[in-house]
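Participant: Listed below, chain by chain, are the residues.
2 protein chains.
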Amino acid sequence: PPIMTQIEDNSGEIRPPIIDYVLVFEYKEIDDEEENKDSKLNKAKERRTKFEKLMAEERIKVQIEDIGNLRFLLLTTSFSRLCEEAEHVKLEMPLAEGRIEDPVTGCWDRLKDKLRTDTEDDFVSAPFTLQTPDVFKDWDKPEIFFRPSLRQLLTNHILINLDITNKKDIDEDEPMSKKGLPYLLHKGAYKDAFTIHTPSIGDPDCIEEREERLKQKAAETGEKFSKKSIDHDTIEDDWSKFCRKPDERQLLNDTWTKIYKFQPMWKIRNYFGEKVGFYFAWSGQLITSLIFPVVFGLAIFSYGLYLSIMSYQVEKNIVSMNATTTNSSSGIAGLISDAKELVFDLLDVIKESFDNEVTPFFALVMCLWGTLFLEAWKRKNATLAYEWDVDSFSMSEPDRPQFVGTHEKQDPVNPEETMWYYPLTRQAGWFLTSGSVLIIMILMVFISVASVILYRVIMMVDYCQYMSAVECVLVTTIAGSLLNAISILILGRIYEFLAAKLTEWENHRTQTAHDNALIIKLFAFQFANCYSSLFYIAFFRGDPGENGVLGLGPQYKDDCGRNNNCMSMLSFQILILMIVKPVVKFSKDIILPWLKELFRNRKCCRKSNKTDPVDETKVKIYTPQRQKIRDYIEAEYKKPKLGDFTLGEYTEKVIQYGYLMLFASSFPLAPLIAFFTHLFDIVTDAKRMLWWYRRPLSVIADNIGMWYGILQFLNVAGVVSNAFIIAFTSQWGKQYNEYEKLWLVILFEHAVIAVKLIFHITIPDMPRSVKRTQRREKYQVSRILHEAAVDK
Amino acid sequence: PPIMTQIEDNSGEIRPPIIDYVLVFEYKEIDDEEENKDSKLNKAKERRTKFEKLMAEERIKVQIEDIGNLRFLLLTTSFSRLCEEAEHVKLEMPLAEGRIEDPVTGCWDRLKDKLRTDTEDDFVSAPFTLQTPDVFKDWDKPEIFFRPSLRQLLTNHILINLDITNKKDIDEDEPMSKKGLPYLLHKGAYKDAFTIHTPSIGDPDCIEEREERLKQKAAETGEKFSKKSIDHDTIEDDWSKFCRKPDERQLLNDTWTKIYKFQPMWKIRNYFGEKVGFYFAWSGQLITSLIFPVVFGLAIFSYGLYLSIMSYQVEKNIVSMNATTTNSSSGIAGLISDAKELVFDLLDVIKESFDNEVTPFFALVMCLWGTLFLEAWKRKNATLAYEWDVDSFSMSEPDRPQFVGTHEKQDPVNPEETMWYYPLTRQAGWFLTSGSVLIIMILMVFISVASVILYRVIMMVDYCQYMSAVECVLVTTIAGSLLNAISILILGRIYEFLAAKLTEWENHRTQTAHDNALIIKLFAFQFANCYSSLFYIAFFRGDPGENGVLGLGPQYKDDCGRNNNCMSMLSFQILILMIVKPVVKFSKDIILPWLKELFRNRKCCRKSNKTDPVDETKVKIYTPQRQKIRDYIEAEYKKPKLGDFTLGEYTEKVIQYGYLMLFASSFPLAPLIAFFTHLFDIVTDAKRMLWWYRRPLSVIADNIGMWYGILQFLNVAGVVSNAFIIAFTSQWGKQYNEYEKLWLVILFEHAVIAVKLIFHITIPDMPRSVKRTQRREKYQVSRILHEAAVDK
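Protein sequence lines correspond, in order, to chains A and B. The first sequence begins at 1 in the numbering used here and counts up one residue at a time. The second sequence begins at 1001 in the numbering used here and counts up one residue at a time.
If we strip away everything but chain A, and leave its shape as in the complex, we get (with noise of 0.2 angstroms):
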């Protein structure tokens, strides 16, 4: 349509030109001798060409810059070809002239309102076509028209769906529906495929540049220098024309890195996508959520402290009573005897705070708790999945490179093609066979926990006699965690590197299938993995039953130390593990790349390249401009790859989720841990993905998938879990026989169960606000296109 050209034109004039997307292949000048011999680069170098003559003609424009050894293809999609993808997916894109007014009504509403971080409007949408593209909020605008993360998306979406496979190539071995870049990353054509950063004067990179041209002017000028004097807005210099504005990263990071405001959900969801979006805002709610907890837990701590201190001093004045007399040693010794004596006291002060009579109420609370969550989330949800217009939105996923089809069948949606599928019988047996390796590396995991708890019972009554107590305690406590750590780690790279190679052999159709069967492999493995040694603790440590540990005799009995309360020891271990469980992340998300980072720009890259007199003459055919492009490339190729982000940080989260539902009655600090946890890691992570990692690719989602289902599991878990622990291992238990005992369990399951489902029934799914702006939708929409219809 002639409409079109137009609108290239005004691209055309954007400086710099907006890259959509990076190609990295190692470049080698192949003579043809060489090319005969490596018929693997040859192939390679004939599907790159395949590929970039249908990208060609797919109106992806691509400029070719070599970086070393390595060839970079920079590509721009136009901005006609993004329209008719976007067509072509029936993207829903907000309307002209529907603004959705959101009145600010009561008081809550105005506070809502002053820890808001959005500026962003809702707008009723419709599905993009060119019909009528002018009814759509910015068509005049070609540079906005589509936010950052959808020009990615969609280029994606074509590069995934171009197809070089020719007709002669079909008998190959591997039988495939479509080639596109997928298929050329997995067979090495390309090294690497990415998305940069927009440029922004936030990069640590360009802050660093002006530092030093700041310095050096000051030195000229004999003033002095501080960091305070960059003014990001007015300083006029090569990276502020480089940079792009509205500088989204940059005000992404001003609003974001605010901890007590509303995390910017809608410029999350603009710049990184609709899946990463949903993360942060689950994440945000849980936070939010989680005060309610935290306030109540620390009622609960603080009752339970104070009943433990009163407690504790009644003791002592009996002890000191009766033993007045004993405890007059003075001098170093006794002061040191003392101070431990105080020490251990204090310990065992706030152990036995955590068990108190008010623990079953907390407990309760909690699992009730869990479930208001989900409810409250599944509403966000709704409603979020409402105002990104992603409600209806169904992209067609493209086969999985790697998926193999052994038999040829009619397409069943359009049966004039054919295609390629896996006999569910065959898949049937993969998945028989995934199910017993799980359940094999599940056993190991409890035969490693009873390993350990055998060695550092037998050490314990066989060998500590012979040592001092500093030694027992190094050779069974610390040494049993030791090696239990270890074999939690090694058990851990085994499974994941098992998962990940049965998941293949699985040999799903597309990659949310493949994601799905990973992710319900890894979190079944997890779950024993980090629960079960607390598991051991709630219910098996204290009572071994008459013939000890694993029937070894009486005298080999494991219990939980004074006074043999697992409850607060089961607390001591959770309060443990939920710090240093961070800790580990934290170390591996920030610190060993910051000191990679350091290693190789001290050692090797960068000094090099500047230094090197070879490439001096080279460099200087550029333009500054050019030349800023190509380091901002190189800087963000070696930036660290963010990987499979949200697994990971929904991993994380839903163990620390799984402390928090299945041991609540045992720790009531465990929210506040929680809390402050996941508070720092929004943080982190808003830092690690705007700066120091690459940017990940955009995806749309309408929900936080596999993830739900796990966390409803973890909720109903946490029920049972909850009952048996308050019944048989908190005080409060004990009051109570071994019959009356199995009746608390029954009420308690049967009543929180119960409320849960009263929850569930009676919280509708969608907020009436939603579903009453989204009929007020329906009736804008069709107004708003039956009058661009009748204007044309």
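No wet-lab data here; the hints were simulated from the structure. Each residue gets a CB set at the ideal place from its N, CA and C atoms; glycine is no exception. A few of these clues could be false.
[Claimed, not checked] Some chain B residues close to chain A (C-beta under 10 angstroms, calculated; not the full set):
hint, residue
1, Ala1751
2, Ile1753
3, Val1755
4, Ile1761
Got chain A; can you put chain B on it based on the hints?
Facilitator: Frame of chain A, contents of chain B only:
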């Protein structure tokens, strides 16, 4: 559009006209004086006048027939208006080219094909549009373009959305947005509004008339008359002309009553609409699913019978060995006492056979069966909703005429209009009231049950000693049951009245919300009313504690007959309830109306009409064809109303289902009884709906609504109830001590719920084939519509 008028002409040629709707009012010639006196009559007339003017504007043809003092308005909506309404509500209609082929492949498919009674093909469908009407199936045949149920549905939708409000009326006392047909009925402007069956040669009236004619003919010719000689297809008489082809009602009857085949779901849906269709589909699915429990239950029962007979023989042998001499009393008295003993023994043997060591296993299987049934139904539901093209349907529901808004606000959907609403806080107040009334009524049920027990126990202990055995049984068991039945009946009636009133006061905006509120109230009460006495027998009767029933004293015990086997008593009670309930329903639905009809025919109406000499002159005015229509309309008007058919039927079936699920462990023959009553019910319902009752208004639905949730609740309640029955009531549970019994409960519940959850998660909600067909449909529809657009 011009195409419309042409079709209109075609449709005008059909004889007799299709009658979509009938309105009735009492016709009185009112002169001016009387008019002023009776402002109510006057107002009604005014409203009717307005309404009829609106109908004429909407192209609804009205034919007036005066019969007796009633005036019937026979409405026929013009085809063009129906099309417009169909477009307006975005009705999905099948596409001419979109036939979905259903490949018959395996043995199972071929068997299913044999049992099929439907010959209808499924076509892919698209929302109806007048832009390209010719892509839709049967567009060239306006008389069959809309299936019978749709004509009524659309006409009804037009009628309820008419609005007789005048701007000057706005100050009237009841503020309401729309004043359509429901408003006029509510205000008494029309006496009745109903839809009529399509004339059929299977109609009882028709058959009667023919028989008479043939008898006359036979008498004239002297041939012998036999009923068999009536051949519906070849006889050319008034009725055959009167009936349109195809004779849907006769066809439906012929296929529906073949109980060894599947129900003709498509025909039911085409004739009665989707809501009734879903009810029968659900009922049919329940019957088919019951086959497995029936067989399994019979096996369990046979095994139990075998065990019971064995133990009886052993016992008998011991008794006979011990007491060979005492039993020597001969003569008639001895024979009678022998026979009596034999009968009692037989009853005991049967009673005992319900309760044996495989009972827990049967309960387990039934609990899981319940889940599988619901999962299977969910899939069936999805399939039907897809095939019937209702999965994406949403017809705007009008406000109920009884709805009273007290506050005005901006319409959230169309901001230019205002609407009336009823504040949530006030509605919440009514909900609380309803809840309290419900609780009070349930308490009344408990009190009534308890009083009857008390009465029985006191009679038994204090007065039975002065009576004979027969008298004792009479004043205790029989009188107790009678009192119980009476109190249940009275409480039920009171509550039905209260529930209707309360739901009215809750002031729901739409009929669906109103119905749901009513359903949930009625079911909650029914649950207490039907099951509380059974729960008493299962858990309390055998063991009233140390102080006897209600602490009256240790001698006041209420045991479960011989051997104090409450399980047997429970089984027996359920057996009686499961047989009595359907019999009561059957007499209410079939025998009572039949008696009424008989009574009316004998006494007054029909005869008096025919012999009335005054009317004789008037009757002669009409042509035979018109007289036929008049007679037919009158006959339809006199048929009993079906009322809320699905509400009553679902309640009945769901209560039956409750016996199956809640007390599965006690009565393995329950599935058998349920199977036969349901089968019998479907056949009588078919007859009832087709021939004996008025035609119900067709309603579009895409599922069974509220009832699915209630069935799920019964499933879960069944797990708990069975767990406790197995552990505490069954003979099998007696071998364990109290502590072990509780563990049994916990284990049973957790295991069953876990397996249920696994079923729920792993069984997809929609069959794979439907998903695939859906995808294909999307593809096909866009292709067909695209081609149609290109052709234009």
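Participant: If a hint holds in the structure, say so; if it doesn't, say that too.
Facilitator: Hints and how they fare:
1. Ala1751: 12 angstroms, violated
2. Ile1753: At about 9 angstroms, which falls below the 10 angstroms cut-off, the nearest Cβ of chain A leaves the hint on Ile1753 of chain B intact, so it holds.
3. Val1755: 14 angstroms, violated
4. Ile1761: Where the cut-off is 10 angstroms and the nearest Cβ of chain A is about 7 angstroms from Ile1761 of chain B, the hint holds.
The structure does not agree with the numbered hints 1 and 3 stated previously, though it agrees with the rest.
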